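*Asks:* Chain by chain, the residues:
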Amino acid sequence: MTFDFSTAMAGARFSNPILTASGCAGSGKELSQFFPLSELGAIVTKSIMVKPRSGRATPRMAETPSGMLNSIGLQGPGIDQFLENDIPWLKEQGVKIVISIAGESVEDYAVLARKVRGVAGITALEVNISCPNVENRGQVFACNPTTAREAISAVRRNIGGEVPIIAKLTPDVTDITEIAREVVDAGADGLALINTLLGMVIDTNTMFPKLSQKTGGLSGPAIRPVAVRAIYQVHAALPDTPILGMGGVASGRDAFELVLAGASAVSVGTATFGNPAAAMVIKQELEEICIQRGFVNFRDAIGFAHRAEGGDGE
Amino acid sequence: MTFDFSTAMAGARFSNPILTASGCAGSGKELSQFFPLSELGAIVTKSIMVKPRSGRATPRMAETPSGMLNSIGLQGPGIDQFLENDIPWLKEQGVKIVISIAGESVEDYAVLARKVRGVAGITALEVNISCPNVENRGQVFACNPTTAREAISAVRRNIGGEVPIIAKLTPDVTDITEIAREVVDAGADGLALINTLLGMVIDTNTMFPKLSQKTGGLSGPAIRPVAVRAIYQVHAALPDTPILGMGGVASGRDAFELVLAGASAVSVGTATFGNPAAAMVIKQELEEICIQRGFVNFRDAIGFAHRAEGGDGE
Amino acid sequence: MDFPTINPKAQQFDAEVLSNKRVGSYNHMVFSVDEIASYARPGNFVAISVGGPGTSMVLRRAFAIYRATVKPDGQGLLELVIAPFGNGSTWLANRQVGDLVNMVAPLGTAFGIPTEPVRALLVGGGYGSAPLFALAEVLKARGCRVDMVLGASSAAKIYAPLEGKRSVSSLTITTDDGSAGTHGRVSDVIPGIIASSNIEIIYSCGPMAMLSAITNISKERGIMHQCSVEESMACGIGVCMTCVLPVEGEDGVVRMTRTCIDGPVMDGSKVIWTKSREIPDGVWGK
Amino acid sequence: MDFPTINPKAQQFDAEVLSNKRVGSYNHMVFSVDEIASYARPGNFVAISVGGPGTSMVLRRAFAIYRATVKPDGQGLLELVIAPFGNGSTWLANRQVGDLVNMVAPLGTAFGIPTEPVRALLVGGGYGSAPLFALAEVLKARGCRVDMVLGASSAAKIYAPLEGKRSVSSLTITTDDGSAGTHGRVSDVIPGIIASSNIEIIYSCGPMAMLSAITNISKERGIMHQCSVEESMACGIGVCMTCVLPVEGEDGVVRMTRTCIDGPVMDGSKVIWTKSREIPDGVWGK
Ligand SMILES: Cc1cc2nc3c(=O)[nH]c(=O)nc-3n(C[C@H](O)[C@H](O)[C@H](O)COP(=O)(O)OP(=O)(O)OC[C@H]3O[C@@H](n4cnc5c(N)ncnc54)[C@H](O)[C@@H]3O)c2cc1C
Ligand SMILES: Cc1cc2nc3c(=O)[nH]c(=O)nc-3n(C[C@H](O)[C@H](O)[C@H](O)COP(=O)(O)OP(=O)(O)OC[C@H]3O[C@@H](n4cnc5c(N)ncnc54)[C@H](O)[C@@H]3O)c2cc1C
Ligand SMILES: Cc1cc2nc3c(=O)[nH]c(=O)nc-3n(C[C@H](O)[C@H](O)[C@H](O)COP(=O)(O)O)c2cc1C
Ligand SMILES: Cc1cc2nc3c(=O)[nH]c(=O)nc-3n(C[C@H](O)[C@H](O)[C@H](O)COP(=O)(O)O)c2cc1C
Ligand code: FES
Ligand code: FES
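Chains as they are written, first to last, in our numbering: chain Z, 1 to 314; chain F, 1001 to 1314; chain H, 2001 to 2286; chain R, 3001 to 3286.
Just so you know, these hints were derived from the structure itself, not from any lab. This structure is a prediction, so every number in the text was calculated from the model and none was measured. Each statement offered as a hint is correct.
Below, simulated SDA-like cross-link-like pairs (lysine to any residue); rule was C-alpha separation at most 20 Å, straight line:
| id | chain 1 | residue 1 | chain 2 | residue 2 |
| --- | --- | --- | --- | --- |
| 1 | Z | 91 | Z | 118 |
| 2 | F | 1214 | Z | 304 |
| 3 | Z | 51 | R | 3280 |
| 4 | F | 1214 | H | 2286 |
| 5 | R | 3275 | F | 1307 |
Please build the complete structure, drawing on both the sequences and the hints.
*Replies:* Here's what the structure looks like:
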């Protein structure tokens, strides 16, 4: 029997469950030197905003134990240039495309959704709501049930019915299931878990925070236990909502861990910085593990850790 | 000029700023085989509850990248046996003692505070409010401003004026400064930051969560960037409230990082598991770094990263 | 009150690798130490930091002491048997002669040695045989008869060096796949040996399921059973409370007891061998 | 649109350590590679994963290629000069002959080589001298006159091997502490050399403050300045956006530009050498 490695999220279908993580795959072209992008389940683009953005000043990163901090600050060309330049090239590669969008206001999300709506061949929309809301004292949309809902509603109203919406949440909240319920209720078809954790590194030589913006987002294997917990909790609370899992996945074993917790597909972020071919290695290892554990369909492994514990030796 | 390594927190004075972290130093006796406890700024005891507690079933731990998960579940003999057996021995060692208490209800905190009030020679009380509140659907006290306040108020009303109260907070909240303000307002003299992050590891062989209780607390260097961020934020918000910093400190450099962020003293937890003498190594390294950076008083380094950035090369 | 504490001889030190040889599925490693070797008793273990500078592994790994000797010139030797399994043990097994590793040793309780000569059965599962050979020598020196049963999943996982075999009167091997000795588990052959050799005490070391099965056999027959348990240990020195088992104390109360301090060698009949993942009813403080 | 992408010759591979020698404060390391060496140009760099299995270091480290050669038998050699500094570079400097390390190479832009013979000044700070010797050879082969200035905090931090010195017409050394050469900074001696040797182009590699100072000197004199910058890089292959500098493009617009793809070699006059920690006004999208 051949193993069926395909997966689906809210109508979006992927030939395999390994995707890139937003902001960790450049424009796609850079990675295509190491493997054909079409080997990915899909590429998730960097989060794109309405207007061009310089991002933050450097230093923008600091390595941390089993992880890193970044404060790129969503550098990018803005949605118009992005749709004109980046998307056509990606389409030529035959890779499924998930566009990630980010806004500074509810209206931004509405504008972005309308722009994406007009583009053919987009498999899904990831809505990064872990951004500061300039209209609300810079509080992150996903940190507040109301603003999280408003951002997702704005996308829902403007995207039309074709493209599934995946809301990307931050783990920096007291109860992530509360935010998850809220955005699903507002029309999200799926959830992306988790974005980075807010962290800081102080340079003990200069005795100032290392990053120019002081705080940054913590990613990498260090945060994997937080990702697994968040995915497990949300999958338990909303078993019918598909989850795109991410956070510290650096091997097939790690991806499998997120899948068992409830992820229908897995994004690879920081691991690509350490190994340009990480997504391909992870994909192959994950397939091997699934087969070794006796799964015939990848989809049977999703959320498998939630089954009742047996009495036998377990 | 000799370096003054002493520090103080809300009236409690320590000959040096290196303490153990609650739950990471056994009864003290075990560590005393590796160094005289009196070399510590203070020993912080495991969190003690009103009644004897078996703690959680095993497995209680899982190693994670640059960290570990634990779900000890506050195993302990209960406050009466603890005060009778553990405390007298610690006093003989000439080490300053910080008692950590943990309750399942507001009344528990009141009872524990009254019990500790009667004991002479206690330098401070650390109040672990990162525990599930059985009266509130098991929600952790420190996750909710109201319950956090109630627990600390109960301690404040019952402890009397002698022993400073240090409230220990969890980082698993949307805004830690909100909780910090609340407990300081309720009478906490200082804050202990941070407790562990909620995490999970799934055993990819059994395909079940590795810990018997599924989730556990993430500690170790992996979480240090979160600790530094939390300490920095809270020190900025409440510059007059002393902070006992902790979270992933494994070297003098790490301790210095937390001090620069705003910690008046530093607790060493997980590092002791990897190296029984960790606290002593860290103490010596921290002293060397402070001197090397030109500090004459340790206390001048506290929160030093908050100064205005200079124009020079920095 | 005299509360339990760690092996009073325990120290922390760097030890040099003197030899590292592959034996079946294992690495037999010899470390140069000082007079600390003279304090190690059969059943004691060492806790080693793994991974080197920049490692992501924050916890020590525990290994049973296979043999501890002091040479005439005063040099101490500690020998371990390592099963390269995950990142930590693999790192250790890859150390080369001349490398230093940081150890805390000796740790934990030792096997109790009877004052009179007795007929003893030693049972080891996998690398659980490691501490049994030194024990066998001590028992022989006391005039005991020593039978041994070693079990593993397959032949390569039986650790039974020649010089070790010398100190036992009989050695029975079982493998799950029949690739060596009797096809089956140690518990299949133990009752027969107890009967034929008139065994008075069982010493065991291996997986928890094996120790639990042996406890059943020994309890039925009223035979003493000292077992070396293996719970996940984060610190090895009694400060983390991760390594506990429900064990009945002298006062009859069952407490969650640290196996790194009150173990690893414990009286099998006092351990409550429940399924893990549950606190049995009646445990103090449940 | 043809958007910038990574060095089209870049590949990922394991390379064996052939030699590792301490030279002053540095380790000169030679790696065995295949024909990839023939694609490396002076200024290109490699990105190496550090720490080995179980490491806590998740990011690659970038190192300038000191020399890339292909032997007659087809074996390629890549040589690097490593300053053991933090955990990553120290790990690398501790690799032994025969060890394998994982590399991505060649990466980034190379120094532009003039088609006509010109009078060139090469300026290196610390290990920034590494890529300059191969550049000097190429320039000499084109008939250029090559002067060189190397600066460092002290003598041990000047990397200037004998065979390297052969390809330059003059070598001036400066040290901050005066332990070798002129007491001072490279920027103190450069104006004099420019004047006396009639320099037409400056190539530089070293700390950002040095590159910025050289840009001022070259701009004043209308001299071309190609510099190899060193921003913290998380990936080295253009996917993380951590390594950016504000750089003026051909369209006159200043953008935050990736130094791992559009650099490390850049036109000094196009870089906006502000204080770090600030986005200069006028940058696109500020
Ligand atoms: C008292 C005692 C004696 C031991 N003696 C030996 C011996 O002689 N030879 C030998 O090869 N190994 C022995 N072990 C097991 C050894 O300590 C390691 O658990 C094992 O080598 C796996 O570690 P790892 O780093 O390779 O695997 P990893 O998977 O990286 O281990 C991860 C973590 O889980 C813990 N862990 C996982 N599984 C177990 C387990 N079954 N038991 C205990 N801890 C676990 C490890 O200690 C570590 O903290 C002993 C363990 C104990 C407690
Ligand atoms: C294009 C380029 C070429 C380089 N060439 C050389 C060379 O030829 N020889 C050499 O010894 N080193 C070179 N470096 C520096 C090298 O990449 C490492 O940054 C340096 O060795 C310190 O790493 P570490 O692991 O020892 O220190 P750590 O402190 O452990 O480094 C931590 C992290 O910070 C980053 N980082 C910290 N400081 C710097 C810095 N000043 N510049 C860049 N990244 C930094 C590192 O990349 C790493 O991710 C080069 C860097 C770049 C970007
Ligand atoms: C350098 C960098 C840039 C990122 N940019 C984005 C982004 O633009 N949009 C977004 O939703 N997440 C962004 N992320 C978060 C990742 O997509 C991912 O959620 C997170 O890093 C955790 O996964 P990892 O541990 O595999 O990296 C970024 C992460 C990094 C490290
Ligand atoms: C095994 C273990 C047990 C702990 N027990 C307690 C406890 O009883 N009370 C408490 O307030 N914190 C407890 N903690 C949290 C630590 O005190 C500390 O806040 C946390 O581990 C972060 O510091 P570290 O990274 O240095 O370990 C425990 C942590 C560990 C790892
Ligand atoms: S291993 Fe830490 S208490 Fe036993
Ligand atoms: S280092 Fe990642 S984009 Fe340049």
